[in-house]
Structures are given as C-alpha cells and as structure tokens.
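Novice: Using the hints, position chain B against chain R.
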Amino acid sequence: MQNSTTRCILGMVGTDVHSKGLKIIAQVLRDEGFEVIYAGDHHTVDSIVSAAIQEDADLIGLSFSSTAYVDYTLEIVKALHERNADDIAVMIGGQIHPDDHKILYDGGVGGVFGPGFKMPDLFAFVRECGARRRAVNA
Amino acid sequence: MNARTEVSEAQASEPRGEVVSLRPTEAPQPAKSHMGHIENLELKIKRTETNSGLETQAFYGPGDVKIDYERDLGDPGTYPYTRGGYPQMYRSRMWTLRNIVGYGAPEDTRDGWEKTLAAGGTGLDTVVDSLTQHATDPDHPAFYKEVGLEGVSLPTVRDVQILTKGIDPTKVDIAWHWAILSYPMAAAAAIRDGYDLAKLQGSNMPDYLKLNISGYSDLMPPEMGHKVLIDLLETTCLTSPKWASGFPQGYDYREAGATAHTELGVFFAIVIKTLEDLTARGKVTVDDIAPRLAWVSSSDIDFFEEIAKFRAMRRMWARIMKERFGAKDPRSMRLRVACHTSGRSLVYKQPLNNLARVAIESVAALLGGVQSLEACTYDEPVSVPTQEARELATRTQQIIAEEVGAARVADPLGGSWYIEALTDKVEAEAYKIMDQIEEQGGILKAITSGWVEGLVDKYNFELHKQLENKERIIIGLNDFVPDDDPPTRRFSFDRTNVEKHVRRFAELKQQRDNAVLNERIRTLYTTAKSGQNATWAMIDALLADGSIGEVWGTVRMAHGHSYDLFRAIETPFDLKGL
Numbered sequence: 001m002q003n004s005t006t007r008c009i010l011g012m013v014g015t016d017v018h019s020k021g022l023k024i025i026a027q028v029l030r031d032e033g034f035e036v037i038y039a040g041d042h043h044t045v046d047s048i049v050s051a052a053i054q055e056d057a058d059l060i061g062l063s064f065s066s067t068a069y070v071d072y073t074l075e076i077v078k079a080l081h082e083r084n085a086d087d088i089a090v091m092i093g094g095q096i097h098p099d100d101h102k103i104l105y106d107g108g109v110g111g112v113f114g115p116g117f118k119m120p121d122l123f124a125f126v127r128e129c130g131a132r133r134r135a136v137n138a
Numbered sequence: 139m140n141a142r143t144e145v146s147e148a149q150a151s152e153p154r155g156e157v158v159s160l161r162p163t164e165a166p167q168p169a170k171s172h173m174g175h176i177e178n179l180e181l182k183i184k185r186t187e188t189n190s191g192l193e194t195q196a197f198y199g200p201g202d203v204k205i206d207y208e209r210d211l212g213d214p215g216t217y218p219y220t221r222g223g224y225p226q227m228y229r230s231r232m233w234t235l236r237n238i239v240g241y242g243a244p245e246d247t248r249d250g251w252e253k254t255l256a257a258g259g260t261g262l263d264t265v266v267d268s269l270t271q272h273a274t275d276p277d278h279p280a281f282y283k284e285v286g287l288e289g290v291s292l293p294t295v296r297d298v299q300i301l302t303k304g305i306d307p308t309k310v311d312i313a314w315h316w317a318i319l320s321y322p323m324a325a326a327a328a329i330r331d332g333y334d335l336a337k338l339q340g341s342n343m344p345d346y347l348k349l350n351i352s353g354y355s356d357l358m359p360p361e362m363g364h365k366v367l368i369d370l371l372e373t374t375c376l377t378s379p380k381w382a383s384g385f386p387q388g389y390d391y392r393e394a395g396a397t398a399h400t401e402l403g404v405f406f407a408i409v410i411k412t413l414e415d416l417t418a419r420g421k422v423t424v425d426d427i428a429p430r431l432a433w434v435s436s437s438d439i440d441f442f443e444e445i446a447k448f449r450a451m452r453r454m455w456a457r458i459m460k461e462r463f464g465a466k467d468p469r470s471m472r473l474r475v476a477c478h479t480s481g482r483s484l485v486y487k488q489p490l491n492n493l494a495r496v497a498i499e500s501v502a503a504l505l506g507g508v509q510s511l512e513a514c515t516y517d518e519p520v521s522v523p524t525q526e527a528r529e530l531a532t533r534t535q536q537i538i539a540e541e542v543g544a545a546r547v548a549d550p551l552g553g554s555w556y557i558e559a560l561t562d563k564v565e566a567e568a569y570k571i572m573d574q575i576e577e578q579g580g581i582l583k584a585i586t587s588g589w590v591e592g593l594v595d596k597y598n599f600e601l602h603k604q605l606e607n608k609e610r611i612i613i614g615l616n617d618f619v620p621d622d623d624p625p626t627r628r629f630s631f632d633r634t635n636v637e638k639h640v641r642r643f644a645e646l647k648q649q650r651d652n653a654v655l656n657e658r659i660r661t662l663y664t665t666a667k668s669g670q671n672a673t674w675a676m677i678d679a680l681l682a683d684g685s686i687g688e689v690w691g692t693v694r695m696a697h698g699h700s701y702d703l704f705r706a707i708e709t710p711f712d713l714k715g716l
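Chains as they are written, first to last, in this note's numbering: chain R, 1 to 138; chain B, 139 to 716.
Next up, chain R with everything else stripped away, as it sits in the complex (with noise of 0.2 Å):
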C-alpha cells in the first residue's frame, strides 16, 4: 500500500547509550505525521541495515554522542550500496562535530542534523526522501 508520507527508521549503532535525543526525534517525526519506526539503541551496522530493508523504510536516522559516527555512518551507507538498498536515505544527528561534515556527505549521507539544527529543516529532509524514494520506485 502507497502510504503519501515519509517512513523513517531511527535507530542507535554500537554501544552508545545515549538515546534520549532520539526519543525526542521519534515523538516529534510522529507528530509531524511520518510514519517512524523506532528501533532502539544497541544495533550493530547489520542489524539497523536489515531492519531498514525489512521495514521496506525510505530514511534511516541514526543519533551518536560517541566519536565513532563517521566509520559506523560510512559502512552503514556501504551496506545499503551491497545490498542494492541505495535508494534508502541515510539522515545522522547528536553529536556531530561542524568538521566531520565533509566526509559525510561526500560519503554518501544525506542529511546532517548536528547541534543547532531547526526543524523545518529536519522536516522539509525527512519529506523529500519520501517523495524521492516512491518516484524512484514508482
């Protein structure tokens, strides 16, 4: 079934504990009426990777206060390219150093929402890659 709004996948790599912010980010996609699937803290690049495909979701999230986000983000990105899932967006935010942006996005992230982020931006993101992922599979 065609759902008309983005269907977004939040969740936390490693063992980062954290996750209070990304709570928050849950509520508010939800009120903002996305559909979220909120899959927790303490996944490994693997297990968010296969809940996204199997969720059938146009956007992963991914929230990091630990300094690993680069590596886990860019394998995260390697992952969907293995498993030809290269249509599903990939959006991080917490603690994302205004340095590490570069590397990122030519990495292959679609959306950094580091400190000081506005949600318009965030929601104006989250609808595009809805909209993008149903005309590229339409």
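Relax, there's no trap hidden among the hints.
Derived contacts from chain R toward chain B, CB cut-off under 8 Å, selection only:
id	residue
1	18
2	20
3	42
4	67
5	115
Just so you have them, the derived chain R footprint on chain B, three or more residues with Cβ under 8 Å:
id	stretch
6	275-288
7	513-522
Calculated lysine-lysine pairs in the DSSO-like style (CA-CA distance at most 30 Å, straight line):
id	chain 1	residue 1	chain 2	residue 2
8	B	487	R	118
9	R	78	B	638
10	B	182	R	118
11	B	603	R	118
Don't read these hints as lab results, they were simulated from the structure. Glycine is no exception: its CB is placed at the ideal position from the N, C-alpha and C atoms.
Specialist: For chain B alone, kept in the frame of chain R given last:
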C-alpha cells in the same frame, strides 16, 4: 579487521545521486538591525519554576517555613545531617578534587593521570570505555571502532595492573567510574600485586539497577541486577571494609532527563529494596553496609534546587536508616555524597559559556556539602576532555576553594527561608515518587515495566516543547545561537597503543591456561546458577585471565540470558553437563 580500509572503500564509491543531500550551499545572511526594537530591549523573566518544574514564590519569609531545628535540621554533623555530614565540614577535610581521565589503552590513561596530577588534581579517577561498561571485550566482532574512545579499555586484570602499576591501592584510593565487574577487577589486581584486600581502598559505581533506566538496554535485566548487586555489596563489605561503593548512582538517570526530586524518589526506592534484601540474608547489618556507601549525584544548572536537593537527600537518608532500618551507628545515618557536575546542562555552541555553567554548578555542590567533586570540562558536549579543558576544570575548583570562600562555612544557605522551603518541597516531591513506585508494586516492577524510564521520556519531551516555543531559554541552544561559531578543537590521541592493546588481548587468550580458565568458568556458572554468591567465583575466573566479556557472559547465561548482549557471539567455553 581493519575498519579504516572499509571506510576508504565507501568513500571511493559512486555518489548516491538519487537521494536528497542537504549539503549546505546557502550564501551568508546579512546582519540584522535591532534599532527597531530599541524601546523594548530589557530581559524579561521567563520561568518562575525550578529546573525540575517546582513552582516558587517571589520571596520567602518566616511564615513559609515550619522548621524544628533539632528535628529537621540539626547542626552540621548532627542527625538528621541536613546541614552537612561533618561538624566542621571543609575546615576539617576539603572535598576531594577529582578529574576523570579515561581513554585509549591502559598506558594512555596512565599518562593522562600523570599529567592531571601534575596540573593539580588531588585524586585518581577513571572511566572505562563503553565496551568495558557493557562488559564486552575489545575483540567483539561488531564494535572494534569503539575501543578506548570514551574511556579506557580494561578487558582483563592485566590491564588494570598496567594502569595502576606502582600505585599502592591500600594507600591511594582510585575512583572507578564503572559498574559491572569493577570491584572484582580491582580486587583481582590487588591480589596479583600482593596487597591485602582487607586494606583495599577505592570506590566504584556498582548500581546495576540504574543501568536499566539510563539507556543500557538489556545489559542488566533487573532481577539479575538486583541479585548480583546484593552479592557484590555483601562481598565488598566483608572483604574490603575500606572500599566505598558509590551506590546509589543517580547521575546517569539525571543526565538522561530525570528531575532532582525524581532522582531522590527513584534511588531511595532502590536503596531501600537493596538494603532490605541484603540485610535479610543475615551476613551484613545496616551498620556494616550503610557507612560504606556514597550517593553519586549530579549538580545541574538550577543552583538553588541542587542545594536543596543535597540537603533533602541527607535528611531523608538519615531518617530512613534510623527509622526504617534501625541503624545505630551515626555513620550509617550520615550520608556521603560524590558529585559530578551535569554534562547535559552544557551547550555545544559557544562552549566557553560552559565555564560559567560548571563554576556555578560546582559552587552549588559545595554549598550542598558534597565530599568529592568532579567538574565537567567546558568541551564536554564536544568530545572527551582535552588536557587544556581538564586543567581549566581543575582551576575552577581551585578558585572556588581558595578565592571564593565556599569552603569556610558549613551550610551557608541554611536558615534561608527560600532554601529551607525548597528543601522541604524537593523532599515532599521525592516521597510522592516513592509512593507512586509502591503503587506499582515496588521498584523492580516499576523498572521492569518501563515506568521509571518513561518518566524521563515524559520530562524530556516537555523540555523539548518548552525549548521549541521559547518558554525556556538555554543560551546558545535556542537563543543567542552563534551562526559563525568556529568549531571547537577536539580531543584526539594516537591509536597506536590501542592497536597494540587489542593485539595483546588476542595473544593473552592464546597464551593463558585455557584449561584452568575453563574450570573456573564452569565453577562460576554453577555457582551463579545455584543462587549462591558468585562474586568470588568471578574474581577467580578473572585471576585465571578470564576477560570481562567471558566472565560476565557466563553470569548472564547462568541467569538465563544470552552470553553476548548483542547476540553476535556464543560462549567459547565447555559447559557440557552443567
């Protein structure tokens, strides 16, 4: 496995043209003019509630407080210890000035310790990396990247020995910011180095139940956590009477979003349940255990509320120990508090503002009468502390000690009508939380059902809405957010030692006597499974060079859970027939 190679391959792959990219391409905005608002520029008060949402009055007077000095306050060092644990407070003993140092391999953190002491720290303190916090080994297939990132990697007793080489743990107390297996590891290292456990000093943070309400997922199922903790406290108390167990540990739950009174309510419920079940066993009395505990708390940004919280905490503790548990020893009733200032109150943008925040939070803790203090570094939101930031955090405490006069008079705000009224109010709200927990069927049920963790979700969402519609202002977060803040310098360190450390770990697993270890693991499994106190069996397994992942995995299995929290590995040991 080389994570770096995989990363460069990803970078070299095709750009993902179909998906949306938010790479910024905007032109810079012209500066705004404020001349239009010039008649309306004054700051207006936004909030009259405390940080935790308690309403306050415009002023307080004698009519607002009904205090019986002897019954409700007492002098400092006198029951119910509201005004402080000691008669002379900091005149007789200054608070311990600690800085957390923890990163990389044991050698790296040892180097950090040396530098910190050279810069004026007066206590040794470390935090373990998140893998070690999760009792997960550095060779776990999924998490190599995180070894040594946010703390020191300590998977075996030999690593503790490297970190503490030459330090006599019967003379120097090290604060271990670490829950699972921290005492067993310290004890095993002391045994190996030939020290008498009866004289062992140090502290840890073994509050296992709090792991369930601060984001640690299934790492510590509540029933298991409760049992293992009671075993641990019993063993620690009987074996190492000078060891201080940092229990309860309210810090992480506060940082996850709990209010001041919720911290008190939830953790008093945990303390009561733990001590009831511990003393019921008959080996340890309340007067054996209570003097050996210390409450680990935060100091958040609401200056007055935090002071009130510390005072209410001590009063509640004294009364509960005396009235509920029949404590006779004054040291059971006199609570010691270890404080780390709040990390979550700090702001990422314009981080130098955090120097002011941390200074105020530190003064609040001292006016609140804490026994040890770790001040956050200003770069806490950005990265693991840089050496420069750690030095400034030390200087903040030293300025407070030497210049501000915060140490010379005990409980200086005692008798303030506001502070006494607020102390009463925080205490009353805490008791309401305890009543709500009782209505749920007790603390284990309230944790297992998710109710306790749900409280912080609720509070966080309210805070989020308040920030979004500017009912509540946090400078640099939702007002005066700098557009052109230069990125803060991050802590970094050479990973060479970490790589050697991980190789050394792999070699140890080959070179140790695996037959002996297997026997110890089998003993640990049967002991834990039978419901006996398995703490010594854990120490014995560690002494046979068992790793934390192996030891804790075995304990988990004995309690009916998966060996590995992430279900990626199975036990390598032979447990046939058990």
